[in-house]
Amino acid sequence: MMRLNIGTIGNVVVRYRLLVMLAAVAVFGGWTLDDFLTLTTLQSILDRAAVVGFLALGLTPILIAGQIDLSIGSIMSLAAYATIALQPDLGNVPAAFIGLGVGILAGVVNALAVVVFKVTSLVATLATLLIGASLALLISNGQPASSADPLFGLFLTDNFLAILTPRSVLFIGAALLMFVWLKGTPSGRNLYAVGSSMPAAISAGINVNGYIAGVFVLSGFCAGAAGVIQALSSATGSPIAGSVLLIPAITAVVIGGTRLEGGRGSSLATLGGVVALGALTTLSEYNGVPSYTQAVYTGLILILLITLDRIAGGDEGKTTRTLRSAAVAKQTQQGGTS
Amino acid sequence: MSLVKSDPNPGPAPAGTLTAGSVLSVLSIPLAIVALMVLGSFVSPSFLTARNLVNILNAYSAVGLAAIGSTFVAVCGGLADLSIPANVAMGALVALGAQTLVGPVAAALLGILVASLGGLVNGVLIGYVRINPIIVTLGSGFLLLGLSQLLVGGGIVYSEPSAFGSFVAGNLLGVPVAVWTFFVVALILHIVLSRTPFGRWNFAVGGNYEASAASAVPVRFTRAAAFVLTGLLSGMCGVLIALSIGQARPIIGAGYEFVAISAVVLGGTSLFGGRGSILRTVGGVIILALISNLIVLIGLPTPSTGLATGTIILLVVAVDAYLRRRTGAE
Amino acid sequence: MTIRRNFLIGAALSALAVAVAGPAAAASVEGKSICYITAANSHFYVTPTNEGAQAAADAAGVELTIVSEEFSPQTGADQLNSCVSRKVDGILLWPLDANSYLPGLLKAKQAGIPVVAIDTTAGEESMKLIASFVGADKYGQGQISAKQMGEALGGEGDIIILAGQAGNNTTIMRTDGFLADKPDGINVLATVNADFDQQKALVASRDLITKFGDQIDGVYAEDDAMAAGFLQALEESGLDIKPVVLGIGGMKMAFDAINAGQMSSTIMQPPFENGRLAIETLTKVMAGETVDAVVPLENTVVTKDNIGDYEPAF
Amino acid sequence: MVQDVDHGIALQMSAISKSFPGVKALDGVNLTVRKGEVHAIVGENGAGKSTLMKILAGFYHPDRGSIEVMGTPIGVMNPREARDLGIGMIYQELNLVPDLTVAENISLGAMPRRGPFVDYRSLAANAKAVLKELDADIDVGTRVGNLSLSQQQLVEIAKVVSRNPSIVVFDEPTSSLGDKETRILFNVIKRMRESGIAILYISHRLQEVMEIGDRVTVLRDGSNIETRDVAGITPDEMVRLMVGRDLTEMFPKLDLSIGDPVLSVTSLGRAHQFEDITLDVRAGEIVGLAGLVGSGRTEVARAIFGLDPAESGEIRVRGKAVRIRSPREGVSAGIALVPEDRKREGIVPDLPVRENFTLPLIGRITRFFLILAGRERATVQAFADRLNLNPPRIERPMGTFSGGNQQKVVLGKWLLAKPEVLILDEPTRGVDVGAKADIHRIIGEFAESGGAVLMISSELSELLAVCDRIFVLHEGSMVAEIPRQSATEESVMRAATGQVYA
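Residue numbers (the UniProt record's numbering), protein chains in the order written: chain R, 1 to 338; chain C, 1 to 330; chain L, 1 to 314; chain H, 1 to 502.
So here's chain R without its partners, still in its complex pose (with noise of 0.2 Å):
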């Protein structure tokens, strides 16, 4: 009897939940306004769900072990200018993967500065965002660049197989491959022990530092990829292209389930959080809902949710848990003495 382990009744609670979301999006919109349910509607809803999309899936991982990655959006806006800016030098092909080295390189600063100098990840990314969000408006001076090539990246929001796009294929392959990776193999499992229970996961002779580091190289390049495609797709590198959706990206890995304490979380929680809130927003857009009457609602159904899941779920409160950041320093430290 094969499990796909987790799959108890906390996981079924999360995909019931999204699907409710959705489904309440689809009668509302298709009573509301007489071309909602169509193809093109859902084609737009993923399609804008792609970037937001990249960086809650960075976020999923960082989150499922515990920590926390605040630095994200600077780390998109980073990767986004660069990707523009340096076209006119290195070509586009080879300036999207400096993007994406980018979005690698601040990865690797977020985790040295937790793994190594022992940072809380809260604080550590707190600074990093800081100094990322300074970093892109000073390289570029506050002005964005301009592609002088801009139908390079145009193909990314083209019309594929009706319902996609190529950068909403890309977010939607990510996510799946990030759910096998999670689920399926043992570096994937591992991780929810590291998040979960720390000192087990020491004791199982699990490299702790190496996983943490890991997830923050990982948010990193999903961060930077988010920038790349960002960018191209709108042929524009803006030192502030990030800093408007660390906020969403948090918002949308919650709404699906993942949980801030760690040890608990999907990628496909997360996929169908973007998109559920994507499907909210669209319906607003298309009511012609102010993005302030949409704020109070979200903001509703982000503690309706975690109230319920609260309630219903009866984890116990475990706020004394937090962020189990917390006890990085103090774990990994026992953990990997020399």
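Because the hints were derived from the structure by calculation, they are not lab data.
Predicted, not measured: the structure shown is a model, and the values here were computed from it.
Beta carbons: idealized from backbone N, C-alpha and C, even for Gly.
Don't take each hint at face value.
[Said to hold, decoys possible] Subject to a maximum C-alpha distance of 25 Å in a straight line, what follows is the list of computed SDA-like cross-link-like pairs (lysine to any residue):
1) R:Lys183 x H:Ala283
2) R:Lys183 x H:Gly141
3) H:Lys320 x H:Ala283
[Said to hold, decoys possible] Covered stretches of chain L, going by a simulated chain C footprint (3 or more residues, C-beta under 8 Å):
4) 54–68
5) 118–131
6) 259–271
Based on the hints, put chains C, L and H in the right spot on chain R.
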């Protein structure tokens, strides 16, 4: 009959003994302030003038109030309050918007009250329902900021001229009222945190929630109260700014949550609870104020502030973490 | 680093390529749908613009859906795509940067949906796909301010610039326009980003006054709120100087300051008017009429001399 | 009764020394463990047991000395290498991942693969095989977080056993187990011994050492004092070796005059935990509350104090009905509870001893909202001295003290609150012999001064020695009240396992 031996595990240097580490960790903030001030006096002859020093404090007094609230939140293990901008906006908008209805003083109090209610929502959900503070304040931030925009629909709310308004915007004995407010509040709340049972409860709850509950500490109340306090202080922050510039907009407190957290962290307070002090947060606020002042005086581009602040946070916290590991504390 | 800046010149050039879309005959646009991608829902300047657009739409009997970019061009680009997929009859776009909207504009072109830009121009390539631009000439505002400053200071003096958000298109235009026409004798002591925020301008100005003191001969504030912030800092400092303070926007506080003699001038940029004009232009395009590539909002300089003739824009 | 298997040397630790800044934790310790033996290690807290085991597990590196495993000398090793060498550790605190399944936990760190993926089929098969070997009936697909404590311990053991270890260290394995679970554990240990595994067994419970151990090594002050066959040693001798002198009586029982009822509980109930609990404790009396783990004894204690309030029934203190829905109300009713899990519920490790001490009653040393610092310090210092706090430094963070001293502070903070009723849940668990005596003395003094004591302990011998009466719980119901005269291990156990009254 003393049969028990002391623990052989590498204990930390007992509190009260002086080690290089403990001295450094106590003096790090004053040292940083002095270093920045020395730098400032080299950079600009006008740095060490009374007016500039007052300006430095004045600039960060209002947001400093939110940082003081955040210290309570951090000490009791509540991580951070991300709804600060929303409560600042609420306080500011109500304080100006209600002036014509109830008069300036009552309006200001009403603004603070409304912001405290925002804090109460956070407090109930975090303290009593026990939901993760980051998620709660993220959600309530959305909610309250959205409501505040709904309230004014995007316009600017102007202040009616009033004696109270000009008093708040003005000086008292040569020092801006905002600065007085910040230091008086800081002093009172320093005493509250370090000398009263409520303060003690915050440390206990942040240090070990279960043990505090088992020691008859009102754990839920304590955590809720920390968030109510932060809401209240955010409201005061909004009121101060609104009255001093004579207008208010919903974006009035944008980014203040990060400023507040930065000040708390710079002060060496752990966001995970059990450790911290208001005086150190005040130090953190002063450091942030000095950085932004120096950036202008040196003539660096404005965005450099983030680079400097972020780097200093990393440095301070990494050194602090290193010292703690060396002395074995934590 | 080669960054192309989108000057109004770009828009002017594309005036030749006036787009004509929609059925040629239909004179009435009643019952048609317009998607208005605006910069924000809740903003002291944008909101009245939106109200102007809504009023014009109501008058013309078109159905207006307002979506807000929340000042993020990425969001706007996505919204543009989404509006095109909905097959609306016309799009009014508030561009927040040069290139981001290009993909959506191409799709709109393919779908035969006319697009009009409001308030800000987009990049050269983008403007080729846009039927008309309705808004103030922000680059021009910078140029006018430079000229004003030059005249007021007799072509020589030290000034500070209070700029908007770094990276923001309006900031870039107003700064670049100013620097392009600034007389050589005018020396910029410092440029500070105060994010169009009075409080931030106040704080920054205190520091600038501390640093430069009576060196400051002039202040170019890229909007009136920041000018007000500077004036407040100046008053606090008790410094006995009277620099030339220029603002932009025609806000109430600027009118007060000009009347009080603290501020030299502001440039009117009436938001409601802008929104109304933009929708009127768009409906003309939709009805098959030919419109100018640029429908300018006149840059009226308000000084002590002519202040009686105008009302604050907002 | 050593089994007749290969008795080669499994582990040889020679002249191991280890110092920490300011402390010499181990000083030339020698330890030889044979294959197929249960080798007990006893010693007071601080004798060096934990340090020695952490060296064996690769967490610490000895300053001097050598280690040989199965005849091979071992150099510097990290925890992973130690594990690969066949050294398995089972700690007092379980090292499991609550969010992963039983099967995943058992193979954690070494999951079977098929290509790059986890081979879930053999993962489950491995887990089932190991659990069967241990005679444990646990579904391998369950999340570990959903298991009971003793099931979790079995999973922990299965995790270690699945790696075919040659040496397994048990560190206080029974401290959170009831008698029944302890029996199961001992059976498992015996099986492991039979299969030739060398077992190191660390415990404060000397009775257990007598029962399960083959040989015993006594550590004191970082040195090994003696290694003896268990067959040739008595618990008293062990204690003497551990503390360096005789401890006249381990559980001194004072005969006190018993007064009026102080605490009377009638028909107390709480859904799914316990029902219809009626008991009373009189002044000067020490009453035991016995029962297996999960019988509801801890829950009853918590309910009386208000931590998890009762849903029905009545509590009276000195005849007056009181309503207790929170610990604060419990405290004002004159009740104090020393909780079961000291680390989790007893201490705030970062706060100094002084602040831990005054936590429940900080309001009482306050004037105009301000804490009277001088009075606080003086009161606490005086009390700490009375409790033999060692070292007597009340400004040191609580977390830096040994378990026994932490427990003294927990006890002391409640005595300082001057309660009428003192409820103690496992007050001497994980506490060494010396501190245990101190704690018993303190409890005795409290009763002597007219206080009422309700005490829970898994160590029956402790209850029998200390208590005037013993109430026995079974599956959430009160099944027996046994007076001191007729209380024996048998009578209490029979009741606790549900063999008396229908």
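So, going through the hints one by one against the coordinates:
no.	hint	verdict
1	R:Lys183 x H:Ala283	violated (60 Å)
2	R:Lys183 x H:Gly141	holds (14 Å)
3	H:Lys320 x H:Ala283	holds (15 Å)
4	54–68	violated (count 0)
5	118–131	violated (count 0)
6	259–271	violated (count 0)
Against the hints set out earlier in the document, violations occur for numbers 1, 4, 5 and 6.
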